[in-house]
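Novice: From first to last, the protein sequence lines are chains A, B, C, D, E and F.
Quick note on numbering: the first sequence equals residues 1 to 341 in this note's numbering.
Quick note on numbering: the second sequence equals residues 1 to 341 in this note's numbering.
Quick note on numbering: the third sequence equals residues 1 to 341 in this note's numbering.
Quick note on numbering: the fourth sequence equals residues 1 to 341 in this note's numbering.
Quick note on numbering: the fifth sequence equals residues 1 to 341 in this note's numbering.
Quick note on numbering: the sixth sequence equals residues 1 to 341 in this note's numbering.
Derived by calculation from the structure, the hints in this document are not laboratory data.
You may find that some hints are simply not true.
Since the list gives no way to pick out one identical chain from another, each pair is judged satisfied if it fits inside one copy or across any two copies.
Stated by the list, open to error - EDC-like mimics (lysine to aspartate or glutamate), calculated; alpha carbons at most 16 Å apart, straight line: (1) 107 / 84; (2) 156 / 92; (3) 227 / 262; (4) 77 / 49; (5) 171 / 58; (6) 231 / 206; (7) 200 / 224; (8) 171 / 84; (9) 70 / 118.
Protein chains: 6
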Amino acid sequence: MRKIVTFGEIMMRLQPTGYKRFFQTDIYESCFGGGEANVAVSLAELGCDAVFFTRLPDNALADACIADLKKRNVDTKYILRGGDRLGLYFCEKGASQRPSAIIYDRKGSAINGIDLSEADVDGLFSEAEWFHFSGITAALSEKVLDALRALLKEAKKRKITVSCDLNYRKKLWNLQKAGEVMSELMEYTDVLISNEEECKDVFGMEARDTDVNKGRISAEGYAELAKAVMKRFKNLKVAAFTLRSSISASINIWAGVLATSDGCFCSKEYTINVIDRVGAGDSFTAGLIYGLSKGKSPLYTVEFATAASCLKHTVEGDFNITSLAEVEALMSGSGNGRVQR
Amino acid sequence: MRKIVTFGEIMMRLQPTGYKRFFQTDIYESCFGGGEANVAVSLAELGCDAVFFTRLPDNALADACIADLKKRNVDTKYILRGGDRLGLYFCEKGASQRPSAIIYDRKGSAINGIDLSEADVDGLFSEAEWFHFSGITAALSEKVLDALRALLKEAKKRKITVSCDLNYRKKLWNLQKAGEVMSELMEYTDVLISNEEECKDVFGMEARDTDVNKGRISAEGYAELAKAVMKRFKNLKVAAFTLRSSISASINIWAGVLATSDGCFCSKEYTINVIDRVGAGDSFTAGLIYGLSKGKSPLYTVEFATAASCLKHTVEGDFNITSLAEVEALMSGSGNGRVQR
Amino acid sequence: MRKIVTFGEIMMRLQPTGYKRFFQTDIYESCFGGGEANVAVSLAELGCDAVFFTRLPDNALADACIADLKKRNVDTKYILRGGDRLGLYFCEKGASQRPSAIIYDRKGSAINGIDLSEADVDGLFSEAEWFHFSGITAALSEKVLDALRALLKEAKKRKITVSCDLNYRKKLWNLQKAGEVMSELMEYTDVLISNEEECKDVFGMEARDTDVNKGRISAEGYAELAKAVMKRFKNLKVAAFTLRSSISASINIWAGVLATSDGCFCSKEYTINVIDRVGAGDSFTAGLIYGLSKGKSPLYTVEFATAASCLKHTVEGDFNITSLAEVEALMSGSGNGRVQR
Amino acid sequence: MRKIVTFGEIMMRLQPTGYKRFFQTDIYESCFGGGEANVAVSLAELGCDAVFFTRLPDNALADACIADLKKRNVDTKYILRGGDRLGLYFCEKGASQRPSAIIYDRKGSAINGIDLSEADVDGLFSEAEWFHFSGITAALSEKVLDALRALLKEAKKRKITVSCDLNYRKKLWNLQKAGEVMSELMEYTDVLISNEEECKDVFGMEARDTDVNKGRISAEGYAELAKAVMKRFKNLKVAAFTLRSSISASINIWAGVLATSDGCFCSKEYTINVIDRVGAGDSFTAGLIYGLSKGKSPLYTVEFATAASCLKHTVEGDFNITSLAEVEALMSGSGNGRVQR
Amino acid sequence: MRKIVTFGEIMMRLQPTGYKRFFQTDIYESCFGGGEANVAVSLAELGCDAVFFTRLPDNALADACIADLKKRNVDTKYILRGGDRLGLYFCEKGASQRPSAIIYDRKGSAINGIDLSEADVDGLFSEAEWFHFSGITAALSEKVLDALRALLKEAKKRKITVSCDLNYRKKLWNLQKAGEVMSELMEYTDVLISNEEECKDVFGMEARDTDVNKGRISAEGYAELAKAVMKRFKNLKVAAFTLRSSISASINIWAGVLATSDGCFCSKEYTINVIDRVGAGDSFTAGLIYGLSKGKSPLYTVEFATAASCLKHTVEGDFNITSLAEVEALMSGSGNGRVQR
Amino acid sequence: MRKIVTFGEIMMRLQPTGYKRFFQTDIYESCFGGGEANVAVSLAELGCDAVFFTRLPDNALADACIADLKKRNVDTKYILRGGDRLGLYFCEKGASQRPSAIIYDRKGSAINGIDLSEADVDGLFSEAEWFHFSGITAALSEKVLDALRALLKEAKKRKITVSCDLNYRKKLWNLQKAGEVMSELMEYTDVLISNEEECKDVFGMEARDTDVNKGRISAEGYAELAKAVMKRFKNLKVAAFTLRSSISASINIWAGVLATSDGCFCSKEYTINVIDRVGAGDSFTAGLIYGLSKGKSPLYTVEFATAASCLKHTVEGDFNITSLAEVEALMSGSGNGRVQR
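Produce the entire structure from the sequences given, and follow the hints as far as they go.
Specialist: Set out below in structure tokens:
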């Protein structure tokens, strides 16, 4: 089994218990999460050899973060230590018409001062078959972007497959900057993942017959969009989209689309009573990497990735604590939620 | 900005955690609430200058109650202290076919012994533009009713707009007494708010084509009812209704109707996954007072009040901890609950 | 009022708080439960004189279990003490497409070593009118099965009505063994209760036009099945089925069917937002025993049992903490979940 | 085994979690308690046949209270139902130099309207050997005092031993009224229990060489005091005192003195790290009743009562959830708290 | 009553529940705190008109922080809004030989970018009689120090009394820098507060016969030290010290010394079972300001300040939620922690 | 760094929150623990390469257990999977005179069916320098004892140092059997650890001048005892004792003694406010193994082991989550518990 490496920031999440607002309680639940870390954990839960690379400060909170990754079977030995602080984010869980609210507090976090010369890049990539990053990592700071570029070059040199989740965060950069940088990084990217909105935001490329705010999403539109994206970025071999129709913060409809040179494949659609949707996109990405790296068919892959990420919506925290058997049971079954005794 | 004054009882609420029944746990969550206090808090959250008037005992629980109102920016300086006890209510949260159950324990609470001669009525009403009360306050005790009448007279003398939420509580008085007293108090009232049932209970006036228990509610019926109410009570300038179709304790459909001399205006309808519906009517009233006191159009006002109270259903506790921006976002948007990052 | 006796195992249930998975938290909520104990508690809540018979170890956990039964008004004085351990089960609450997962840890529990010669069987059955057991009890161990057979013979000798919930648990025995034993025990059984799947599993008898995994359930099919079952097992006077269409772990459709020599009666159908569905079948059984033992009509009985068990889905824990008044309110009302003040 | 009957009020206690003040949290822990109820529970835990008599309202909170007593094996079948409310008290747990603070909210509670003509007094006292009450009960209301007097007369007629815990509460009555009434009730009393302060408060009789606020307590002084009390109230056969030296809210020194016609007996002294001291006096009383009613020696009795109440300080809530074996282990052992495996 | 103004940083504190270490739980309790904010809250609890000045970001967490200050009656209307983040600190509660551990995460917090030109300094100081700051504020950033110097000059111009808590934090600056800056700021300072170590750290001035790590503290030594400090810094009128002998994280001995031109006054000494000692020094400072600003005698003042801060050790969180009556009760009483009913 | 291997059972611990008794709450806190697992975790926390060997069932609870060990950096790859159940123990935390109570529920747990032929013994011991076991492991079952004997033989063959914690559990076997087996196993043991009682229980060898129940412990007596033990069991090179004087469940005095051929060394003595003392002996053992395996002096080793285990008493759960730096700080410092900022 060869390694899958992901690179990005992991943060501590603090969330008032239940559906309480920030003003309403003094009890917070904490977990750790961040796009690429979530992907690594999902992959490890699925039985893959996942490695997470980042930079974390040298304090007890970061120790606890690393311990949590170890608990999830993620290889943490290449993580750099240094810098001032662990990034944080505060999350208030929404319900029905009240959306979840996130306050990021990641400025000045350790990863922003990363210097790749301190890292064991050779060790990191030895025996690796896959490298994953997201648009968030690209947006964090110039130093992080430099490190990312260097890692991408090294990955391509080693013929490692590269995947990118577009993941646009408007508080980190603007549309123009995002468009320029992400277009550049597409040169290194084999597999692109996006949600129903970001391709328009970042690349100005839009699915027809789709109005997310009105809950109208056309799978065909996304199939065409995938083709167009692959045409524009020549190195892309796979483009995939998660399609979320958000009925409310409590009820979402969820599906996936995957396009390769063989054609475009749509998953079944799930209507979900949401427990925690943060990290759903990352769990889709992990499912996709799982399927592609194991040589599964595109249809299996998109069904697998969508089922895995459907289950993520029912799991608290950023991480998709879900086993291979559970994902396959949902893929093949009816998702009727009968008690497993 | 001129003051909005509300008068009524505020109680401590004690509720078993989660969906536990009274028999099932020894952990209770507590908050404070009561019709007019809820209105004051909602208005303060919307940025208004809200003043809450009541009588509370001189003990540490009542201190905590006042502190909580201060936390919410409500002016508490006219509150009288004295009497034996803080009113309480115990609430068991319902789900699906099991309704929420409320046990009131407000007998002998401090407000029942109120004596207006101890109050600074002049200070209370100076710079005030609005006075709000509900049928609950009128029902509490003779002393409270005397104080209420005196305040209403003073308010009218000062040309302060008066609103009344009909709010019938069968455990406090009977239909006949309620009908007599509330009819009398309509003489002082400019704006009447009722829910889908109370107008029939208290005034014997009913919307046609409506059967609440069957979940059938006709907005047109309520438009006619509003007209009829305003015809009967000549001083009324506005009549408004909240329309709840309770599918179950977990799922409600919610809308509002507002009638003025300009006609009758219906809000859009929201299907809500209920987190906590106690205080929803009060948050509608607050939205209404907000709109009318700011000179907004009737349509804006009813949409605003309905959106505000839709959001209340997603907030734990009696108080609608929701900002102006959040209400306007729901009014203008789709309420699809996408994460706000 | 004559006694209703139930016999089986009661276990301690341990469940991560909220929707947390076993991996995710160190806080567990505990309650007690087990098929026949759940029936006894439900009956006691409905005002019946319920007696629970089992064997429990002589330690503080079993003391707490007995205390909990006493709290619920169940007569515990015939319970034997001895053996090594209290049975346990761990439960992870599912949501949406993620099913609840149960890990039983009942091996070697006290009941498995039961020896009826230590019990006061005469006291247990004196003044009793009903004896209830389930397929789980029959499957536990040879000693338990021996005790069960002896109790059944004694019950028949005393002309006590016997009910049996088929309750097949694949981790306790296999289909063949279950079929043989349960067929034998039908000789003693007057009233059989089964869910939508077990009759097929245990007796190889299936309702037509029904595919549980596809959510297709035909009440007519179950009526025919009931007739066939009663034809095969001549002593049966009543056969009843709970019909669950599991849309997801969060949403279930629930109904009941009851067949007697007078014909077949279907309850209304409830769409339920599930809080906790463990023990729902037991609460149906209790409702059935309540109706039949009180001489209610078959239609009342099946509506009562279905309404009672609908409410169970909204109550945390194994026990259906629901009063007679609450069940009757749901039967006669609309189940719209309006607040009871 | 003959019954021990206690009569008084039971309340719901609400306490902020941990050492939080009323202002600091919205989470409350609840239990039930009240002087004579605590005595009944302690006795039941020790294996006695304890009956608690009171009046409680007919609502779900009082149902939960009765269920809790049943859980503790107390006979609740003579409890009257009616009246408006369950008494409450709010407790803030002190630590070190900060004392615990209690806010009573018992005014207008159900017991205050008690009418003995509704009670089954004959059933209550049949097979009873002991009747216990406290000064709190005497102070509640005229109706309660009337009922108490009637019960005392009936008890004396039946030759039932009567014990009284002096328990002076300054918020319920004043020193003069307390002195008059309690002196009168001493006519019916065989066994008097008091703490280190109350005898002075109520009867104006003081132990020499004792200054509670300075932590100076003389066991000899209390022996003399006991003699003097028994001289003054001729019917008294036993007088007992609990002696608390409160170093701080966290650390107390605790001992007991028991005087009979045979002389005066002092227990060993315990230095206690306090977990919850509410109800300690009641657990001493229960220990005393246990010893005297079982015919134990005075020395055994005072050691037993003191050990039982020492353990109460380590148990959360009003009730002394402690077994006979645990009390005897402390009496005979060293109280060194080694783990029991 | 004239205003007391304090200036500094307020942070959100996050602490694992109970005595759990950072690695051990995902549940955190949160409160707000910071040296000068703690002083303001203590003063408000004592009935003073306290104003807290700082800069906070414009997000919901800072809103919650301000709401918490309002709840405590602190005037927050001069607080500036802007900047990136709210300062945080993580605290792990120690016990016995394991010390509490604090991880500060205050870098880049809003106050560090403060610009006094945006503030209403005139409003802030109008009707003020006292201004308080600490060495932490001086250490935060050059901008904060600039603002502090400007406020101090303005305060002196207005003849406002200035107090300074030396409060050395080695993670914010080094000894040399601290010595230089704090010496300079002594020019503006009337009242200096220090603990048993800081005077040595910052000014190189040490009490004789004192070895903190050995738990040896000499009140006389501190009296001499106070004199020496006042001699060196000519503008000082009062110097006060808190003297902590830390037996362990669970048990501390606590006393205060106050020196004026009239002589040196020592408080009584308290042995404390510690609940939460963070903020104890601030509560001493608040007690000192209370006494001095009310014109109390030096002895009363030091006893008051020490009693107030003794009680702080028993209160969870940074804020000393303790009333005037409670402090005076401890001063005059025995601190024996008897229940207050 | 060479591996330290430990072999034994790890169980899930379930404990009512706070100081609640089993009867009092439905909330349990869970952790994992067991003698040799605790040693492995402590060693890993100190930076050693610790390997834990056991057999666990193939279910999600055991998965969670393994994940927890990974979180603590323990190598779990040699753990066998199979068998029916995870061992459990229930713990009720004592306070003051009330001892902690433990109910073991380990019968039939997976380790009891261990078959070493399924294990990779060669891998387990490769690069190992130390093997540790305890008397509990020897007592579990014949299969476990067989496996233990085989491992001990293999360890000796490989010249691996062997340590044994005597750890007598009376519920697992009797004194005679324990004495025989443990005497036999001393043939393989280089380092023996015992507490103040077990040497007498198992080997009938007692320290003079010591009465544990009276809190009288003589370090000299243990020095002599150590010599005598080493004389009797010729292969022993080191004998160590933990000496606990249990003042109460809340306060313990703790020290250690270590004897080698160089003499006998006593640690300083700690008076501890106990948070959780379960696992204290194991943390002493881990400290001892740390010191001896790193070639530290006997005095350093016993001081280190005692300081480490002193800190364990302040940490919740079985595991001693304490770093090398923290232990050394306590050894060299005063243990005064000052806040670490």
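Novice: Decide, hint by hint, whether the structure agrees.
Specialist: These are the hints, each one checked on the structure:
For a Cα distance limit of 16 Å, the shortest separation of residue 107 from residue 84 qualifies both inside one copy, at 10 Å, and across copies, at 8 Å. In the homo-oligomer, the alpha carbons of residue 156 and residue 92 never lie at most 16 Å apart, since the shortest distance is 40 Å inside one protomer and 43 Å across protomers. Taking the shortest Cα distances, residue 227 and residue 262 sit within 16 Å of each other inside one copy (11 Å), while across copies they are farther apart (55 Å). In this assembly of identical chains, the alpha carbons of residue 77 and residue 49 lie at most 16 Å apart whether taken from the same copy (13 Å) or from different copies (15 Å).
Taking the shortest Cα distances, residue 171 and residue 58 sit within 16 Å of each other only across copies (14 Å), while inside one copy they are farther apart (27 Å). Taking the closest pair of Cα atoms, residue 231 and residue 206 come within 16 Å of each other only inside a single copy of the chain (14 Å); across copies the shortest separation is 55 Å, beyond that limit. In this assembly of identical chains, the alpha carbons of residue 200 and residue 224 lie at most 16 Å apart only when taken from the same copy (13 Å versus 48 Å across copies). In the homo-oligomer, the alpha carbons of residue 171 and residue 84 lie at most 16 Å apart only across protomers (12 Å), although the nearest pairing inside one protomer, at 21 Å, exceeds that limit.
Taking the closest pair of Cα atoms, residue 70 and residue 118 never come within 16 Å of each other, the shortest separation being 22 Å inside a single copy and 26 Å across copies.
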